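So the protein lines, in turn, are chains E and G. Last residue of the first sequence: number 396 in our numbering, and the count goes up by one each step with no gaps. Last residue of the second sequence: number 396 in our numbering, and the count goes up by one each step with no gaps.
Bear in mind the hints are in silico, worked out from the structure with no lab data behind them. What you were told as hints is all true, and nothing was included just to trick you.
Where chains are identical, the list cannot tell them apart; a pair therefore holds if satisfied intra-copy or between any two copies.
Once the Cα atoms are required to be at most 25 Å apart in a straight line, the calculated SDA-like pairs of lysine to any residue come out as:
1. K54 with L291
2. K223 with M7
3. K312 with K361
4. K113 with T11
5. K20 with T65
6. K113 with D162
Keep in mind it's a predicted model, so treat the numbers as computed, not measured.
Protein chains: 2
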Amino acid sequence: MRYADRMENLTASEIRELLKVTNRPEIISFAGGLPAAELFPIEEMAAASTAVLKNQGEQALQYSTTEGVFPLREWIAQRENNRIGTQLTAENILITHGSQQALDLVGKLLINKSDVILCESPTYLSALNVFKTFEGKILEVQTDQEGMIVSDLENLLATTADVKLIYVIPTFQNPSGKTWSLERKQQVLEIANRYDVAIIEDAPYEEPRYSGELTPPMFSFPKAENVIRTGSFSKVLCPGLRIGWISADAAVIEKLVLIKQSTDLQSNTFAQMQIFQFLQANSIDDHIAKLVKTYRLRRDAAISAIETYFPKNTQYTYPEGGLFIWLELPEEINTTELLEKSLDRKVAFVSGESFYAENPKLNTLRLNFSCMDEARIEAGMKILGGLIAEELAMQK
Amino acid sequence: MRYADRMENLTASEIRELLKVTNRPEIISFAGGLPAAELFPIEEMAAASTAVLKNQGEQALQYSTTEGVFPLREWIAQRENNRIGTQLTAENILITHGSQQALDLVGKLLINKSDVILCESPTYLSALNVFKTFEGKILEVQTDQEGMIVSDLENLLATTADVKLIYVIPTFQNPSGKTWSLERKQQVLEIANRYDVAIIEDAPYEEPRYSGELTPPMFSFPKAENVIRTGSFSKVLCPGLRIGWISADAAVIEKLVLIKQSTDLQSNTFAQMQIFQFLQANSIDDHIAKLVKTYRLRRDAAISAIETYFPKNTQYTYPEGGLFIWLELPEEINTTELLEKSLDRKVAFVSGESFYAENPKLNTLRLNFSCMDEARIEAGMKILGGLIAEELAMQK
Numbered sequence: 001m002r003y004a005d006r007m008e009n010l011t012a013s014e015i016r017e018l019l020k021v022t023n024r025p026e027i028i029s030f031a032g033g034l035p036a037a038e039l040f041p042i043e044e045m046a047a048a049s050t051a052v053l054k055n056q057g058e059q060a061l062q063y064s065t066t067e068g069v070f071p072l073r074e075w076i077a078q079r080e081n082n083r084i085g086t087q088l089t090a091e092n093i094l095i096t097h098g099s100q101q102a103l104d105l106v107g108k109l110l111i112n113k114s115d116v117i118l119c120e121s122p123t124y125l126s127a128l129n130v131f132k133t134f135e136g137k138i139l140e141v142q143t144d145q146e147g148m149i150v151s152d153l154e155n156l157l158a159t160t161a162d163v164k165l166i167y168v169i170p171t172f173q174n175p176s177g178k179t180w181s182l183e184r185k186q187q188v189l190e191i192a193n194r195y196d197v198a199i200i201e202d203a204p205y206e207e208p209r210y211s212g213e214l215t216p217p218m219f220s221f222p223k224a225e226n227v228i229r230t231g232s233f234s235k236v237l238c239p240g241l242r243i244g245w246i247s248a249d250a251a252v253i254e255k256l257v258l259i260k261q262s263t264d265l266q267s268n269t270f271a272q273m274q275i276f277q278f279l280q281a282n283s284i285d286d287h288i289a290k291l292v293k294t295y296r297l298r299r300d301a302a303i304s305a306i307e308t309y310f311p312k313n314t315q316y317t318y319p320e321g322g323l324f325i326w327l328e329l330p331e332e333i334n335t336t337e338l339l340e341k342s343l344d345r346k347v348a349f350v351s352g353e354s355f356y357a358e359n360p361k362l363n364t365l366r367l368n369f370s371c372m373d374e375a376r377i378e379a380g381m382k383i384l385g386g387l388i389a390e391e392l393a394m395q396k
Numbered sequence: 001m002r003y004a005d006r007m008e009n010l011t012a013s014e015i016r017e018l019l020k021v022t023n024r025p026e027i028i029s030f031a032g033g034l035p036a037a038e039l040f041p042i043e044e045m046a047a048a049s050t051a052v053l054k055n056q057g058e059q060a061l062q063y064s065t066t067e068g069v070f071p072l073r074e075w076i077a078q079r080e081n082n083r084i085g086t087q088l089t090a091e092n093i094l095i096t097h098g099s100q101q102a103l104d105l106v107g108k109l110l111i112n113k114s115d116v117i118l119c120e121s122p123t124y125l126s127a128l129n130v131f132k133t134f135e136g137k138i139l140e141v142q143t144d145q146e147g148m149i150v151s152d153l154e155n156l157l158a159t160t161a162d163v164k165l166i167y168v169i170p171t172f173q174n175p176s177g178k179t180w181s182l183e184r185k186q187q188v189l190e191i192a193n194r195y196d197v198a199i200i201e202d203a204p205y206e207e208p209r210y211s212g213e214l215t216p217p218m219f220s221f222p223k224a225e226n227v228i229r230t231g232s233f234s235k236v237l238c239p240g241l242r243i244g245w246i247s248a249d250a251a252v253i254e255k256l257v258l259i260k261q262s263t264d265l266q267s268n269t270f271a272q273m274q275i276f277q278f279l280q281a282n283s284i285d286d287h288i289a290k291l292v293k294t295y296r297l298r299r300d301a302a303i304s305a306i307e308t309y310f311p312k313n314t315q316y317t318y319p320e321g322g323l324f325i326w327l328e329l330p331e332e333i334n335t336t337e338l339l340e341k342s343l344d345r346k347v348a349f350v351s352g353e354s355f356y357a358e359n360p361k362l363n364t365l366r367l368n369f370s371c372m373d374e375a376r377i378e379a380g381m382k383i384l385g386g387l388i389a390e391e392l393a394m395q396k
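Here chain E stands alone, though its shape is the one from the complex (with noise of 0.2 Å):
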């Protein structure tokens, strides 16, 4: 079979492929991003199921529109208004197949082969993958503890032809966990307006939150026409039901409409009905307290261990939310390699390489701590630990 051009580009994400590997109970994983399932609200979702069933049982299973279920659109404007001052209706909203469907289609209202997307470096892998697909070429903004480097950001711009789009996390970053300053997003939505260069503001990580407080996004700002943002319920509710959401002007969202009836039609009806009726029966809010009191524990013991057993020059981040630290080891450990071994002993990670568009930092890696409890997050960094000064004593 002749494939596309674009099939050259696309490589398996290392992750999915762990995965594969890592669903064996005897892992030790920090390798995914998985919320943690015993957290998921089953007997309220199989509630929000029956109910659904019971009452609106054929609208449910029927087709229903594109641009999503009405009340739920409505109820996630609501809520970004509350949340970060918005002032959406149900036109700004289109419920996607998870936040990564929202990368595709943005990717395909905007991208044109060679155009440039700028992201982060280290970036989100498969967000990387969606550009690919479009053909688009990818370079990588330097970021300090900010966000982007602006002085970087516009020496790119200004010597870089067909920049379409500036694709950034700038909460709980993935991977790094870091989250951006109030300036740095003000200075970088300037210079995005300045060279008419479209911002996707993918913000799947801004809840749970384990401390701070959310700064304003770049989408709440005055003069955000340009910027195009994501959510999704993977990390506040569960995953699996794969449903996400974008929010833009609404001229954007109506493109994004075509875009998505010629995708996949729709998203799943019944899904879409079953979490606005658990929104309806439940308080997310209350759950989502629930899961920061977990998830905060397991932070903190994954901090307290990369203290406690990882070489003392390791650099990482400490996040205020999200599922991700971020840790650069001693410039002498490759941690791809650092990976094969470390997966005899039966611990899993991913390694930094895989979330760089251009130069990988060989010695970085991504650890989740979200998905089991402090006692495993515990073990596993021990023998993490251990095998890397091992590496560190044979290469003295």
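Starting from the known structure of chain E, fit chain G onto it as the hints suggest.
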């Protein structure tokens, strides 16, 4: 915002725009392709939901593999083997978010900008939109009662550069309701192989069938490595859950998995398990038998009303299955204009124009008969027939 070039080719699906109007209960709508909601096995689906959430709740709400839930893939492979004589395993099946997504994924796999796609005339309009999003160039092949006319196909292949794909719906075609002959399928596959062109054999309508028997699909022939087949639970169970699939060579499925990873990570875990549970606890064949009984009466009522109320020189297909009848009215009638007047009288249909890639026949229309009872079909057809008679009288 600066959109990608592909947006210039994308227009709203007339059908989905229409559906917004035709949802109103006072409209008799032959427009959509909705299955009969009153036949959805709601109680059985509720029982399946409850069982899945009770017994495997954590798994059902969690991330799962891109390929799809394994036992469902196995079930589909086995059913295909029983129905069409293939020797598939789960490795040949990718679960998709409805068969519309199957077209999107295959489009991404194959189509470069300016590649040519050959399709039937008329054909499924949302397939045309998919191919347009990948900036493919669509050419139509003339058809008769047996399928594509092979001399026209050969001629196009011999004279057109960069033909990548032939898109066909050989059984109960949308919009025409036609079914291809076995011989025509053999000829088209032989020609496609000779020119090294892939075939999408889109097969969401094979069941329910009211009379006659399925002749083997191209996918089941020897030397069918270049054939990619799609299927769906939308017409035999319910469309709201958006579960379809692609059957193909394992090597092709592997490539499609890469694409689906970046497109939306995976299909809804819960919906897949819910359907699998339904299939374990119930006989899908018994359910399809119920559909056949009801839909056959509706088809017959629609055909009988055409004969009673429509002009004598109306041509129409007599579908052995599926959801659609295709009509060619006397040449004086423009069905797009007719539709406006028809909506004033609270009857909806889809004018044929939207189903042509190149040269529309303006006197054609598509009637769906699956989603209302015989009395309503008769009432709607009487109104429509009366309107057509008035139009013809006025034009004399």
